[in-house]
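Student: Sequence:
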Amino acid sequence: MTASNREAHVSSPRTTNVDLATRLNKYIPLPARPEFRLKYVLQRGTVLSFIRSKPAHFWRSNHISELKMRYLSVTENGYLVIYEDNVQGLVIDLREVRNVICNADRQVEIPKKESQFRCHIKIRLPRGNIHLFLREEDVHKWTCAIMRGSSMKIEEEDDLTTAIEATENSEDSWDSEDSEESSDSDEFEKMVEESEEEDRV
Numbered sequence: 001m002t003a004s005n006r007e008a009h010v011s012s013p014r015t016t017n018v019d020l021a022t023r024l025n026k027y028i029p030l031p032a033r034p035e036f037r038l039k040y041v042l043q044r045g046t047v048l049s050f051i052r053s054k055p056a057h058f059w060r061s062n063h064i065s066e067l068k069m070r071y072l073s074v075t076e077n078g079y080l081v082i083y084e085d086n087v088q089g090l091v092i093d094l095r096e097v098r099n100v101i102c103n104a105d106r107q108v109e110i111p112k113k114e115s116q117f118r119c120h121i122k123i124r125l126p127r128g129n130i131h132l133f134l135r136e137e138d139v140h141k142w143t144c145a146i147m148r149g150s151s152m153k154i155e156e157e158d159d160l161t162t163a164i165e166a167t168e169n170s171e172d173s174w175d176s177e178d179s180e181e182s183s184d185s186d187e188f189e190k191m192v193e194e195s196e197e198e199d200r201v
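Using UniProt numbering, you'd call the opening residue of the sequence shown number 1 and step up by one each time.
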């Protein structure tokens, strides 16, 4: 059975079958949220992210989506559900992932003398890449969920394991979700540029 005609069974109070993504820039209708809520998930929440879709023909340029907060879920049966908005998005079979690369660091805010642990996760697929930008305790939650969903060993760049362990004792926090979105966008701008350079190689 090929990827083009496979369906993902999404467990919920109302059972729904949706098509798996074959192109990362072609969104499909999804059950409307927040009314629809997946059951049996390993992790869910809004994540700063962007998606790079590789073209079918080499002479065409890659399609890069907007860097923004998206609602994501990793299910127990190995699917990553990405909501582009409340009614459409992508369903990714994590078992098709080629590899997962994590690049973590700590940024020190000099005026506050506080450090912020952040991580860039790149999920490499046959037709493109999904980039997630996480921080603090969310790093451990999402990396564990992706590892379980994809059965892949995550490739660590820099000192990711040590950084995650250090995060467990961190008392740093931000005041609101709105400030998280704007601050993350600014802080991860350089990491996005670096990831784009890597994808061109």
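Treat the hints with caution; some may be incorrect.
Stated by the list, open to error - Derived Cβ-Cβ restraints for the label pairs, each shown as a range:
1) P55 / E114: 21 to 31 Å
2) N86 / R23: 35 to 45 Å
3) R98 / N77: 33 to 43 Å
4) R98 / K39: 20 to 30 Å
Stated by the list, open to error - Think about it this way: if two alpha-carbon atoms lie no more than 16 Å apart in a straight line, the pair counts; the simulated EDC-like pairs of lysine to aspartate or glutamate are:
5) K26 / E66
6) K141 / E76
7) K122 / D105
8) K68 / E96
9) K26 / E76
10) K122 / E96
11) K26 / D105
12) K68 / D93
13) K39 / E76
Source of the hints: derived by calculation from the structure; they are not laboratory data.
For each residue, glycine too, the CB sits at the ideal point set by N, CA and C.
Student: Which of the numbered hints are not met once you compare them with the structure shown?
Tutor: 1, 2, 3, 8, 9, 11, 12
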